[in-house]
Structure formats: structure tokens, C-alpha cells
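Protein chains in written order, with my numbering: chain A, 1 to 115; chain B, 1 to 113.
Take these hints with a grain of salt, some might be off.
[To be verified] Once the Cα atoms are required to be at most 30 Å apart in a straight line, the calculated DSS-like pairs of lysine-lysine come out as: (1) A:K44 to A:K71; (2) A:K44 to B:K42; (3) A:K51 to B:K100; (4) B:K68 to A:K62; (5) A:K71 to A:K27; (6) A:K51 to B:K1.
[Unchecked claim] Computed Cβ-Cβ distance ranges for the label pairs, DEER-style: (7) A:P61 to B:K1: 45 to 53 Å; (8) A:H10 to B:K1: 31 to 39 Å; (9) B:I7 to A:K62: 31 to 39 Å.
[Unchecked claim] Partner residues aside, some chain B positions facing chain A, computed with beta carbon under 8 Å: (10) S12; (11) L47; (12) Y76; (13) L94.
Think of the hints as simulated: they come from the structure by calculation, not from any bench. For each residue, glycine too, the CB sits at the ideal point set by N, CA and C.
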Amino acid sequence: NAGVMQNPRHLVRRRGQEARLRCSPMKGHSHVYWYRQLPEEGLKFMVYLQKENIIDESGMPKERFSAEFPKEGPSILRIQQVVRGDSAAYFCASSPLTGRDTEAFFGQGTRLTVV
Amino acid sequence: KQEVTQIPAALSVPEGENLVLNCSFTDSAIYNLQWFRQDPGKGLTSLLLIQSSQREQTSGRLNASLDKSSGRSTLYIAASQPGDSATYLCAVNLMDSSYKLIFGSGTRLLVRP
Chain A
1 NAGVMQNPRH
11 LVRRRGQEAR
21 LRCSPMKGHS
31 HVYWYRQLPE
41 EGLKFMVYLQ
51 KENIIDESGM
61 PKERFSAEFP
71 KEGPSILRIQ
81 QVVRGDSAAY
91 FCASSPLTGR
101 DTEAFFGQGT
111 RLTVV
Chain B
1 KQEVTQIPAA
11 LSVPEGENLV
21 LNCSFTDSAI
31 YNLQWFRQDP
41 GKGLTSLLLI
51 QSSQREQTSG
61 RLNASLDKSS
71 GRSTLYIAAS
81 QPGDSATYLC
91 AVNLMDSSYK
101 LIFGSGTRLL
111 VRP
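The following block holds chain B by itself, in its conformation from the complex (with noise of 0.2 Å):
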């Protein structure tokens, strides 16, 4: 059964700081990887969708890569801002039901100004 972790829970950084924000899954067996961002009381926006052939995608200050045979990917975010400032939830989409997307618990994220 796959499980999709993300580490940390929570994270307060200064704003200007560089971050990585952590997602790991047990099964290899994905078509694909994306991340999204949660404001409070809000829907969900995809930021980035990477291809299981693929090792990272780039979106202005994102970058997240993937490194499939040990179940990991990770969220970079550049010169934070306090609008930066949501939870950001990572989804894997597997092999075998490719339109369902297993969700990690997400990293609640807080920019300080």
C-alpha cells in the first residue's frame, strides 16, 4: 500500500530564506509526482507536476525534484516570501489507478516578515 510522508509537519522561517520542504513514498510504482499549495479555507493549486522519466521541473522561484528509486522528492523554494506563507501538500499518482492521487499530510509553512 503505498504511503506518502512529508517531513517536516510545520516550518517558521525569516523571509528571504532558501527552503526544502520533504516528501517521501514507498512504492516506486508511480506515473507521476505533483505538489500543491493549500491556503487556509482554500482549494487546492497544483505548482508542479513532475514525470516519473523526469528528475526535476522548475516554476520561477520552485524547484522539485524526484528521485523515483528512493521513493523521495523534495519542494525548493528560493528567497521566501511571506505570501509564500500555506501548506504544501505532495500527491503521487500510481501505476496501477492512475487517476488517483495519494496524498501526504502536507508541511505547513509560515514566512515571517
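Pulled out of the complex, with its shape left as it was, chain A reads as follows (with noise of 0.2 Å):
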């Protein structure tokens, strides 16, 4: 069983280009979370999906960004105009279900830098 895959692992862009991050959860997962760390900063929480809906985003920005969760295929965050304070490590995570008794697995991460 492969655990949380992201894609691409690194990806650079210019301001004001689109950035998509991909995020395939473990074998079974339905429950996938998007997280952002800016350097020398802890991940802080930013939208929560299950397959086809937002579940919680209150930690997405307003403007620029936006998470899906398709029927088939990854999860994608998609980050329009980019611009240098973007630039961060934005990891996801999967899990079966969710509650105080479930872990949740964490993939690579995709370091994304905007020049």
C-alpha cells in the first residue's frame, strides 16, 4: 500500500503563473488535508476535503487559492498569480475516517518557490 503521494516534489514558477499541487491519498482514504509551512515555521492547516466536497477551508487564503477533491483522481490545490510570499512547503495528508482515534498519514510534501 503506497502511502500519500504528491506531485510534483518541487516546482518553481514565476509570479503571476498558476501553480497545481498534487495530492493521491493512501488505498482507501477518503479524508485528505492540505497544510502549508512557511520557512522556519510549523504547518498550519488549510483545507479539509472529502471525495467531491469542502469540508472545512477556513485556513485557505480568499483569494488565489482553491482546493478540489474529484470523484476520480488526486486532490489539487491550485494556486492562481502566484506571488514570493507563496513560496512554502505544502504538504497533504490522508485518513480513513475521521476523529479522535484517527491518524492521519502525511506525504513528501511539494516545496514550491516563486522567483
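Using the supplied hints, reconstruct the complex from the two chains, each of which is provided in its own coordinate frame.
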């Protein structure tokens, strides 16, 4: 059973371009979470999705950021018109359920650099 | 608002030493607390998960304790090895949003040969 797969591992974008980050959860997991880690900081929650539904997007910036988890295929975190401040590591986690006894498994992350 | 603080921010010890990493949180209404390891440029590896009803968890040379009432957790690493060098993150899982982890900024550990 492969772990949480994120691609690309590294992404370089010029200011103003779009960034698309992909996350394939572990097999059998229907809950996906995105976190962002700015340099020298801890991870910050961005969004929680189930298949075809956004459950909690309270950590997402109001503009330029969107996330989806379609019925088929990976979850996508999309950042439009990137700026230098978007440079960070973006981590995806997945779990089979949610709740107190559920452990989330993290992917290797996508490191976005905006030049 | 829940805040998670880790002290120290960085730690350098000689190989073989026992060490303690500290984590504190401001709101005791948590479901559980997790300790993760993060290697440079890599993802997170879960080390130990302590439920709010538990006092400690052990895995090999690692022992994590939880004192929910005082908002503190410690990660004890016995007989440290250079391979333990990494950043250690603690995270709490809140009762009012059990899927959301609140992370500390981490402790960067260097174990010198």
C-alpha cells in the first residue's frame, strides 16, 4: 500500500503564473487535508476535503487559492497568480476516517518556489 | 485560540546523551497529541500518538508523556544517535475540530558523533 503521494516534489513558478499541486491519498482513504509550512515555521492547516466536498477551508487565503477532491483522481491545490510569499512547502495528509482515534498520514510535500 | 509552543527551538548534543524535547499548548480541550519527525526536505513521519486519556506512550528509545491539565508534553529520547538528527514537531488535535492538527514550530535536533 503506497503512502500519500504528492507531485511534483519541487515546483518553480514565476510571479503571476499558476501552480497546481497534486495529492493522491493512501488507498482506502477518503479524507484529505492540506497544510502549508512557511520557512522556519510549523505547519498550518489550510483545507479539509472529502470526495467532491470541501468540509473546512478556514485556513485557505481568501483569494487565489482553491482546492478540490474529485470523485476520480487526486486532490488538487491550485494557486493562481502566485506571489513570492506563496513560496513554501505544501503537505497533504489523508485518513480513512476522521475523529479522535484517527491518525493522518502525510506525504513528502511539494516545495513551491516563486521567482 | 490554541497555540502550540516548542522549546528549545534548536538543540545540539553529543551522541549517547539522553534528551528531552518540550511542547506546551494553551487549550487543554484536545483529543490527542502527536509527535512527528521531519528530515530536511522530506515529509513528516509520525512517531507517537497519545490520546487525551493517556499519560504516556513508548516506542523503542522514544517516550512521550502528556499532562493535559497543565498543557504540556515531553518527548524523551534515550541514548541519542546521529541518525536522530531531524526536526521534531508536536501537534494537537482539537476537540471542536477533530480533523485539524495545530502544530508547534519544531525543535531542530543535532546529535554530534
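Between K51 (chain A) and K100 (chain B), is the straight-line Cα distance small enough, at 30 Å or below?
With Cα atoms ~17 Å apart, K51 (chain A) and K100 (chain B) stay inside 30 Å; holds.
Verdict for P61 (chain A), K1 (chain B) (Cβ pair) under range 45 to 53 Å:
The hint (45 to 53 Å, Cβ to Cβ) is violated, given that P61 (chain A) and K1 (chain B) are roughly 18 Å apart.
For the hint 31 to 39 Å, verify it against the beta carbon of I7 (chain B) and that of K62 (chain A).
Hint holds: Cβ distance 33 Å, inside 31 to 39 Å.
When the nearest CB of chain A is found for L47 (chain B), is that gap smaller than 8 Å?
violated (11 Å)
Next pair to validate is K44 (chain A) with K71 (chain A); report whether the Cα-Cα distance is within 30 Å.
holds (26 Å)
Against chain A, run the beta carbon of L94 (chain B) and see if the smallest gap drops under 8 Å.
violated (10 Å)
Does the Cβ distance between H10 (chain A) and K1 (chain B) fall inside 31 to 39 Å?
With Cβ atoms ~33 Å apart, the hint holds.
Using Cβ atoms only, decide whether S12 (chain B) comes closer than 8 Å to chain A, and label the hint accordingly.
Not OK, violated: S12 (chain B) not within 8 Å of chain A, min 17 Å.
Next item in the hint list is Y76 (chain B). Is there a CB on chain A closer than 8 Å to its CB?
Given a least distance of 21 Å, the restraint on Y76 (chain B) is violated.
Given the hinted pair K71 (chain A) and K27 (chain A), is their alpha-carbon gap at most 30 Å?
holds (14 Å)
Hey, K44 (chain A) versus K42 (chain B), does the alpha-carbon distance stay inside 30 Å?
holds (17 Å)
Holds or violated: K51 (chain A) and K1 (chain B), Cα atoms, limit 30 Å.
The hint holds at about 29 Å.
Violated hints, in rising order: 4, 7, 10, 11, 12 and 13; the structure is consistent with all others.
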